[in-house]
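One line per chain: the protein sequences are V, X and W, in this order.
Residue 1 is where the first sequence starts when you use our numbering, and the numbers rise one by one after that.
Residue 331 is where the second sequence starts when you use our numbering, and the numbers rise one by one after that.
Residue 583 is where the third sequence starts when you use our numbering, and the numbers rise one by one after that.
It should be emphasised that the hints constitute simulated quantities derived from the structure, not laboratory data.
A portion of the hints provided could be inaccurate.
[Stated by the list, open to error] When the alpha-carbon atoms are kept at most 20 Å apart in a straight line, the in silico DMTMM-like pairs for lysine to aspartate or glutamate are as follows: (1) W:712 <-> V:292; (2) W:811 <-> V:292; (3) W:712 <-> V:289; (4) X:451 <-> X:470; (5) W:854 <-> W:692; (6) W:588 <-> V:148; (7) V:321 <-> W:741; (8) W:854 <-> V:141; (9) W:854 <-> V:148; (10) V:321 <-> W:692; (11) W:712 <-> V:148; (12) W:859 <-> V:289; (13) W:586 <-> V:229; (14) W:680 <-> X:347; (15) W:593 <-> V:132.
[Said to hold, decoys possible] Derived coverage of chain X by chain W (criterion: at least 3 residues anywhere in the stretch with Cβ under 8 Å from a Cβ of chain W; other residues may be distant): (16) 380 to 390; (17) 405 to 414; (18) 464 to 476.
We treat Cβ as the ideally placed atom computed from N, Cα and C, and that holds for glycine.
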Amino acid sequence: MATSVNNELLTRPDTTSGRVISSSKLPDEVKGTTRVRRSHRQIRTENVFRRTLTIVGLVMVVLVLGIMITLVVQSMPSIRSLGAAYLWGKTWDPVKDVYGALPFLIGTILTSFLALAISIPFSFSVAIFLGEYYPKGWFSDLLKNTVELIAAVPSVIYGFWGLAVLVPIVRSFESSIGANSIGYGIFSSSLILAVMIIPYAASLGRSMIQMVPANLKEGAYALGATRWEVIRSVILPYTKSGLFAGVLLSLGRALGETMAVTMVIGNTSIMPTSIFSTGNTMASVIANELPEADKTIYNSALIELGLVLFLVTVAINMIGKRVISRFTNE
Amino acid sequence: MESTIVKSVNYNAYFGENHVVKDVNIEIPRNNVIAVMGPSGCGKTTFLRGINRMHELIPGATAKGKILLNGEDVMEMHPIFVRLKIGMVFQRPNPFPNLSIYDNVIAGYKLNGIKLPKAEKDKIVEHSLSRVALWKEVKDSLTKKGSFLSGGQQQRLCIARAVAMEPEVLLFDEPTSALDPISTSTVEELFHELKKNYTLIIVTHNMQQAARVSDRTAFFYMGELVEYDVTKQMFTNPKDTRTQNYITGRFS
Amino acid sequence: MEGKIKYRIGKSSSFQLLTIILACSCVMPLVAILVYIIRAGITKINWSFLTNVEKPVGELGGGVIHALVGSMLVIFFASIIAIPIGILCGIFLSENKKSKLAYWCRLSVDILQGVPSIVIGIVAYIWMVKPLGLGYSAFSGSAALAIMMLPIIIRSTEETLKMLPDSLREAAYALGMPFHRVVLKVIVPCGVSGILSGVMLSVARIAGETAPLLFTAFGYQYLNTNMTKPMETLPHLIFKYAITPYKDWQDLAWGASCILLIFVLLLNILTKFITRKWKVQL
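Input sequences plus hints: build the corresponding full structure.
See the structure below:
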């Protein structure tokens with residue numbers, strides 16, 4: 001029986017999704033009237049429109065593939081001549097054609113994770129504040145919108161402000177604890193980054209916390225749990241994958257952030273020795289050096305950094321999105 | 331003898347491999363009200379949507395067989411022509427929320443890009459709204475959005491929208507199931523008026539409604555057309571036991 | 583027993599207090615930046631600032647007109663590229679929920695959304711600057727920014743259109759409307775607020791982008807309206823002068839920051855209001 005239905009399916013004319021293959025036959029009396037002639041033109045336009053949409057969809061796929069392929073192809077000279085040693089070489093000296101990306105990898109990881117560590121208490125507090133304690137009211141709306149505006153401020157402005165305000169403060173803080181007092185460096189970059197990435201984890205966390213079913217919370221309250229105990233033993237465990245995804249999105253953002261970091265990190269291509277030393281991240285070294293990198297291998301080495309950055313951020317974002325969609329489907 | 335306007339020949343409809351309408355043969359006379367009833371999931375709505383080729387808009391839905399409109403197979407026509415000739419009103423009132431009441435009525439022209447002189451548009455709007463007994467209620471608020479109206483008014487607006495296109499057949503998919511009793515009776519009264527000019531096919535859940543408004547009734551069960559007869563005949567003396575069971579309330 | 587409970591309640595309240603303090607303190611850096619930039623910048627904005635191009639160090643009366651015009655042009659051309667493609671792609675995704683191409687397209691958009699702006703800059707540089715004879719151009723900057731706008735517009739269009747009830751589409755189809763009219767005359771107008779908000783947010787987002795412009799539009803000290811030549815933009819001017827030691831130039835940067843910041847924030851706030859006002863009641 002099933003196979004006969006299958007055969008019928010195969011032989012039936014294709015009429016799915018409004019797409020019709022057969023020509024349009026008309027009753028004689030309406031042929032040639034304005035309305036019908038118009039409709040004929042519309043049928044052609046309809047097909048053109050459908051095709052346009054498909055082409056645009058294809059263009060997006062080709063664009064992203066093109067970006068990937070371009071990065072790989074342009075990195076080839078560097079990959080071929082430097083090999084994997086590129087990634088753990090400690091020296092970056094374009095004049096002598098020595099390219100080791102380790103200082104930038106370390107710089108990127110240090111700034112990003114430090115920024116993450118600083119921002120998490122704040123972003124989670126915002127998430128809990130808006131998601132659990134005060135989900136409604138004018139003050140919460142204000143806080144929510146203000147936190148979202150943090151993400152709207154251009155990064156070059158964060159950088160400029162950091163340069164003018166934050167760096168001197170960090171400098172005096174550093175001299176008070178006896179570190180090398182430059183002000184510029186990984187620590188300053190992390191502080192700026194920490195502010196910039198708060199909204200990402202906060203807004204995702206808020207929506208996740210609001211999705212916690214009321215009956216779970218009520219169950220805990222009915223047993224005499226305090227508000228904090230409900231948050232710690234019901235809400236946080238329930239939303240932990242969602243919060244984790246928020247942290248990942250923040251991290252992805254921090255890794256790729258360029259301008260603010262470039263302006264306050266000090267731009268030195270040596271291995272950072274502490275969180276107060278100057279350095280460079282992958283993004284900041286590209287921003288600084290790509291316009292003047294005229295030697296093929298130098299240029300290609302910088303593009304390879306871009307490729308690494310691309311792969312890492314894409315991986316982090318995709319994992320984050322996967323986690324979110326799994327969480328919201330549950 | 332009344333002339334036949336819609337006739338289906340071995341009409342079958344599928345969702346993927348699910349056979350939901352099976353070999354339906356029905357002849358619908360002009361200027362009649364036909365009620366299509368049956369338990370939920372019996373394929374009556376699918377059949378109705380097949381008549382104006384709305385069925386195939388659902389991904390994976392396919393159909394086979396013939397549906398003749400004035401002897402012309404709609405399955406061979408482009409759906410646009412079919413839908414210009416066969417209007418449809420849905421279960422929930424769905425006026426276009428971005429358009430005014432006026433524009434909602436002439437939406438079929440306006441949104442299809444058919445330019446009409448203002449006087450003609452005014453005439454169509456007044457005429458269509460009068461036909462659905464809505465003109466007096468809304469003539470002073472034609473520029474308001476359609477979503478401001480009550481549910482019953484919205485549904486009548488949707489009927490006016492279909493009527494404005496001057497179709498030959500009007501399909502109604504449970505048109506009153508989302509309305510209150512008073513709006514329901516207003517819409518039911520309309521059917522008697524509308525059938526002077528159009529042929530009405532109404533899918534309904536409600537047996538009393540079928541009995542009240544229709545000239546003929548078709549009873550669907552498990553995707554099959556079990557019985558099709560003059561309404562009075564069907565309700566007083568059903569031939570099939572399944573129809574009898576349904577009418578007497580043995581299954582819902 | 584009672585002491586234990588009191589302890590627990592106290593712990594709960596103190597945690598609540600801590601949360602409130604931390605949450606509210608998030609606002610402080612934003613307020614600090616706003617106040618500082620506006621105070622430092624507003625005094626620098628005057629007629630000659632808005633009408634002149636930059637001057638060498640020591641000469642008075644430098645301005646940012648070249649960067650203002652440049653930013654407008656670069657953003658304008660980026661929008662021209664990205665808005666139609668973005669909206670069409672969003673429509674494609676919402677109307678073809680299950681097709682294979684839609685799956686890959688959605689994946690591509692997801693990827694593109696996570697790509698750091700500097701990487702987009704590199705790619706635009708490789709495609710449109712590096713090939714012999716091309717060199718830095720404002721148009722390559724527009725292209726880079728357009729790529730950054732796309733995922734924002736596509737996502738908001740798709741999400742908005744997906745939320746519209748099927749009954750709308752059915753109503754339109756039942757009137758004999760062809761597919762393109764159903765989409766363009768019914769679906770898109772009903773989702774206009776969401777699409778518009780995506781477009782505005784994407785403009786706000788790229789208006790302050792600097793990284794992709796570093797090696798595309800590059801920068802230029804005179805007024806230029808030729809899209810095939812290098813062009814100055816506000817964010818790039820801020821970057822260029824923020825890191826100089828000269829006060830005159832830094833002042834230009836403060837004024838430019840003030841303008842840019844106010845523009846971006848206003849655009850963000852405006853988006854909220856406009857979308858609320860234009861929202862079609864379903």
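Here is what the structure says about each hint:
A threshold of 20 Å between alpha carbons decides the hint, and for residue 712 of chain W with residue 292 of chain V the separation of about 12 Å falls inside it, so the pair holds. The suggested pairing of residue 811 of chain W with residue 292 of chain V holds, with an alpha-carbon distance near 18 Å, which does not exceed 20 Å. With a CA separation close to 15 Å, the supplied pair residue 712 of chain W and residue 289 of chain V stays within the 20 Å bound. Distance hint between residue 451 of chain X and residue 470 of chain X is fulfilled; the C-alpha atoms sit about 16 Å from each other, no more than 20 Å.
For the given pair, residue 854 of chain W sits about 24 Å from residue 692 of chain W by alpha-carbon distance, which is inconsistent with the 20 Å threshold. With a C-alpha separation of about 37 Å, the suggested pair residue 588 of chain W and residue 148 of chain V falls outside the 20 Å cut-off, and the hint is violated. Restraint check for residue 321 of chain V and residue 741 of chain W: the C-alpha separation of about 15 Å stays at or below 20 Å, so the hint holds. Simply put, residue 854 of chain W and residue 141 of chain V have alpha-carbon atoms about 12 Å apart, close enough for the 20 Å limit, and the pair holds.
A hinted pair counts as satisfied when its Cα atoms are at most 20 Å apart, and residue 854 of chain W with residue 148 of chain V qualifies at roughly 12 Å. Between residue 321 of chain V and residue 692 of chain W, the direct Cα distance comes to roughly 8 Å. Compliance with the 20 Å bound is thereby established for this hinted pair. A distance of roughly 37 Å separates the Cα atoms of residue 712 of chain W and residue 148 of chain V; the hinted pair therefore is violated under the 20 Å criterion. At roughly 47 Å between alpha-carbon atoms, residue 859 of chain W and residue 289 of chain V are farther apart than 20 Å, so this suggested pair is violated.
Straight-line distance between C-alpha atoms of residue 586 of chain W and residue 229 of chain V comes to about 14 Å, which keeps the hinted pair within the 20 Å bound. Restraint check for residue 680 of chain W and residue 347 of chain X: satisfied, since their Cα atoms lie roughly 18 Å apart, inside the 20 Å limit. Only pairs whose Cα atoms come within 20 Å are accepted, and residue 593 of chain W paired with residue 132 of chain V is accepted, the gap being roughly 17 Å. Judged by the Cβ-Cβ criterion of 8 Å, the segment 380 to 390 of chain X is covered by chain W as claimed, because 4 of its residues qualify and three suffice.
With 6 residues having a beta carbon nearer than 8 Å to a beta carbon of chain W, the segment 405 to 414 of chain X meets the requirement of three or more and the stated coverage holds. Counting residues of the segment 464 to 476 of chain X whose CB falls under 8 Å from any CB of chain W gives 1; the rule of at least 3 is not met.
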